[in-house]
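For what it's worth, the numbering used here labels the leading residue of the sequence shown as 68, then goes sequentially.
Simulated from the structure, these hints should not be mistaken for lab results.
Don't take each hint at face value.
Straight-line C-alpha distance at most 20 Å; calculated SDA-like pairs for lysine to any residue [as the list claims (entries may be wrong)]:
#, residue 1, residue 2
1, Lys114, Ala81
2, Lys74, Glu116
3, Lys92, Leu111
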Amino acid sequence: MIVDAIKKNVNRDALSSDEASQAMKEIMSGSATPSQISAFLISLSMKGES
68 MIVDAIKKNV NRDALSSDEA SQAMKEIMSG SATPSQISAF LISLSMKGES
């Protein structure tokens, strides 16, 4: 779920490829809310590159 991916990013934990893929599938399918998409992108920015 995208919520779990957001939590991992906020904790600065790395997402597995499956977790990242699932988050993107939720975004692209339209099942993620605009707020979830925003939180996901902001959490990625906060986490920084890995």
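Against the structure, the hints come out as follows:
no., hint, in the structure
1, Lys114 x Ala81, "9 Å, holds"
2, Lys74 x Glu116, "16 Å, holds"
3, Lys92 x Leu111, "16 Å, holds"
The structure meets every hint from the earlier list without exception.
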